[in-house]
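Given these sequences and hints, build the entire structure.
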Amino acid sequence: MPVVNIIKSSLEWIRVFWMKPYGKFVFVSFLIISGAYYGEWQRMRGEYQANTKDKEMFSNKNWQINQLNKEKNELTKKLEKAQNKDCTEEIEKYRKLFENISKSLASTNDEKRKALLIQKQFNKDLEQYTANLQRQ
10 MPVVNIIKSS LEWIRVFWMK PYGKFVFVSF LIISGAYYGE WQRMRGEYQA NTKDKEMFSN
70 KNWQINQLNK EKNELTKKLE KAQNKDCTEE IEKYRKLFEN ISKSLASTND EKRKALLIQK
130 QFNKDLEQYT ANLQRQ
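First residue of the sequence shown? That's 10 in my numbering, and the numbers climb one at a time after it.
Honestly, the hints are just simulated from the structure, not real lab data.
Everything numeric in this text was worked out from a predicted model, so none of it was measured.
Fair warning: there could be bad hints in the mix.
[Said to hold, decoys possible] Label-pair distances were calculated between CB atoms; the ranges are:
(1) Q73 with I41: 46 to 56 Å
(2) N132 with G48: 14 to 24 Å
(3) I15 with Q73: 53 to 63 Å
(4) S43 with P11: 41 to 51 Å
(5) Y46 with Q76: 41 to 51 Å
(6) F34 with V12: 21 to 31 Å
[What the hints assert, rightly or not] The list that follows gives simulated cross-link-like pairs (lysine-lysine, DSBU-like), each with its CA atoms no further than 30 Å apart:
(7) K105 with K79
(8) K86 with K133
(9) K81 with K105
(10) K102 with K129
(11) K79 with K33
(12) K17 with K79
(13) K105 with K133
(14) K102 with K79
(15) K86 with K129
(16) K133 with K81
(17) K87 with K17
Using N, Cα and C, we set each Cβ at its ideal position, and we do this for glycine too.
Here's what the structure looks like:
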């Protein structure tokens, strides 16, 4: 039972120290200082966790945006190949996809701006594509 003996001797040491004239002051000061350090450590730890979570979310959003741009390019190529066919279904699919994407990515101001840029680019591409179809 060495742990019990250590605890008993520690409590005895604290009791003896408490009886000294400066003991209460030193003990309370120690508790206050250690509590302050612990609180500061917890605050810093929380800030670190929040920062890493934000970075993970931001990098995940960038990855999503890159994936969406790839999908957009693939769909644009498919639509260009199918110019002579009736492509209204694919155009609607394309439009719905990017509307959903822009809504899902618009959680902060930065993502809203990026989603709006993607939406504007999509609208320009769609207008060019429909203008090309009407010319033919």
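Unsatisfied constraints (hint numbers, rising): 2, 4, 11, 12, 17
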